[in-house]
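Residues per chain are reported as follows:
Protein chains: 2
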Amino acid sequence: MLSVDPHMDYDEPLFFQVMKYAARADRDVVDMVSGNPDWEPPEALRRGLREYADADADQFQYPASEGLRALREEIAARRNVDVSQVVVTNGAGEANYLAMARALERDAGSEVLLTDPVYPYYPGKAKMLGGDATFVAVDRDGSPDVAAMREAASEETACIVANTPNNPTGAVYSRETMAALVEIAEEHDALLVADEVYDHFDFSGRFESALTIDSEHRVVTTAFSKSMAITGFRVGYAVFPESLVDAAKTRHMLVNVAGSRPAQVAVLEALRETDPAYYEATRELLTDRIDAFTDALDAAGAEYERPDGAFYVMARFEGFPGTLDNVERLIDEAGVAGMPGDAFGERYDDWLRFALVTPRATEAADRLADYFG
Amino acid sequence: MLSVDPHMDYDEPLFFQVMKYAARADRDVVDMVSGNPDWEPPEALRRGLREYADADADQFQYPASEGLRALREEIAARRNVDVSQVVVTNGAGEANYLAMARALERDAGSEVLLTDPVYPYYPGKAKMLGGDATFVAVDRDGSPDVAAMREAASEETACIVANTPNNPTGAVYSRETMAALVEIAEEHDALLVADEVYDHFDFSGRFESALTIDSEHRVVTTAFSKSMAITGFRVGYAVFPESLVDAAKTRHMLVNVAGSRPAQVAVLEALRETDPAYYEATRELLTDRIDAFTDALDAAGAEYERPDGAFYVMARFEGFPGTLDNVERLIDEAGVAGMPGDAFGERYDDWLRFALVTPRATEAADRLADYFG
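Line by line, the protein sequences give chains A and B. With the first letter of the first sequence counted as 1, position 228 gets the number 258 in the working numbering; the numbers rise by one all the way through. With the first letter of the second sequence counted as 1, position 290 gets the number 320 in the working numbering; the numbers rise by one all the way through.
Chain A extracted, bound-state conformation (with noise of 0.2 angstroms):
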């Protein structure tokens, strides 16, 4: 059990940084370094927007601030949830926040459990609501230490975050280690926060939310930023437990107001007239890339572990550990922007995290694979 803060400078984050860096090399660089899909929004989506553009000037008022209703109920119809445990959220980032403030502010401790590796904006997240971040190292395969987990946890833990299938390791984690996480909230009265914001991009077939797991200290927590490559419309929505929802919404309402609605609108109808081969062709469009990447990786003598979910993969090579110098040395010698490892916490800061959401992730593949081959 670690008890460290991962780099994270939220004025400037660090893929700002490598991201100006690699901009800036004298050559032509491939970045695998941002988590924005590539790929084509649905056409309904923007059929959505194109409409909405010219509706009634009161469309173009307040939505509900829980979100628009026939958002809520297409929503909780598809979860098979209630409609009133549905808060529409400004992305998945609100939707945590909401969801990490609620655990923290139930007098029930301070302490918030974390993976190492961690998606950083929950330690920050964690910091700036009073929180204390601990963090426990994963299993080799990327999926949480249960046993750690259970070890660590106190009376001190108000929240245990876990991200599935996750964001940097692309484990997907099986039921058991789900309900074993939820299990231990309930036992500490902690609220576990499953964040499914990559739930589209299971490649293993193993994932189930963990909506699946009733209990009054689950929630769920995702968007659709990801799913239909919109990552700038901000929609992403919570499911609280009832006797927690209406203290969410009162704090979405003061922080604001409500989301905004042009996006909802869209949004709505991308999720009504999408067929799911829309999904479908992106999951093949990244298992090709996994494909063609795993494959270079092998020719490089790379270590890594083949994700089951997300679109990101963990590498290690021999003698080159994850650094940000390293990290900017690739882009200079090879071409390639990746993540340096030690930005996602201590457990993997000898690897370099790349994401896969992007056209050139073969031609990448190539060049790692001249570069350390």
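Since the hints were made in silico from the structure, they are not lab data. A portion of the hints provided could be inaccurate.
Same chains, same label: a pair holds when it works inside one copy or across any pair of copies.
Claimed, not checked - With a straight-line cut-off of 20 angstroms between C-alpha atoms, the simulated DMTMM-like cross-links for lysine to aspartate or glutamate are:
| no. | residue 1 | residue 2 |
| --- | --- | --- |
| 1 | Lys50 | Asp372 |
| 2 | Lys50 | Asp355 |
| 3 | Lys157 | Asp372 |
| 4 | Lys157 | Glu135 |
| 5 | Lys157 | Asp137 |
Note that the structure is a prediction, hence the values are computed from the model and not measured.
Dock chain B against the given chain A, drawing on the hints supplied.
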């Protein structure tokens, strides 16, 4: 000086209750409850949205966290501030939240000094952020009582919030008042938050932005919600002093990641391409409504102050105090729905607030004149 908590049930704000009652009424009712503009947004806004619907997919991804650069530059140029000081937010709601959070996070006290009457979100935000609200009754004309504010301020004061043009009083604070409030903030190491969301609705010709008062203790917040008739788009901004802006950007990033991009793009187009005549026309529309409404108040023998700004009128009818009961009676017996004054504090708990953002304002005025006259 009062130290009370105005009626504020955020799970179902009072105005929802009143609107529901009005909707259930057994007769036609003019809604003068909510603050949603009833006129057309700028045509350029619709065009901006229409064009964006067909933009390249990369335009659908994360904007910069602090807002689209072009939008921030347009704002900075118009407001004569450095672009680095501008944070684009999810409406004025988030701008006020960020400003008040900054004020309360400096270890400079926990008191938030507010006027009575007050826009109910301010004490709600103060409480959520761990602050203690103190209410100071306004002058007869609805402006802050500067002497009483000075008297109330102490080393415990972290924040003073001033909304001008004011909701609900309609007062436009004088430059001297604003300068005095900034001075009080400086004396006690507090922040003066000037919420200027009604800045385009000044009928007095005397409104001057607090941006003209140079101070490290002054934050200006506003939004395009009212001026462009797009309360549902959620695009606003805060202008922070250089010394405070980085911390505010960090909180914005940790809460929301970024604001919604379609809305920002549409607002940018509207900001660039909308003729001043658009704003002038809405002011004329509102001036006509104020004329008709105050004529009717005269006929009804009501006490009121003609609003210098914003779009609300506070009125007191002899023997008819502004309780929720009387609001409901007015709905049933006169067919006009207003807000009870005690929703805003104690100073005007005998009064009713009427929002003039309905094409039926004149009809409502006639009904009131008939009922009370």
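Check each numbered hint against the structure and report the violated ones by number, ascending.
The structure conflicts with no hint, since it agrees with every one listed earlier.
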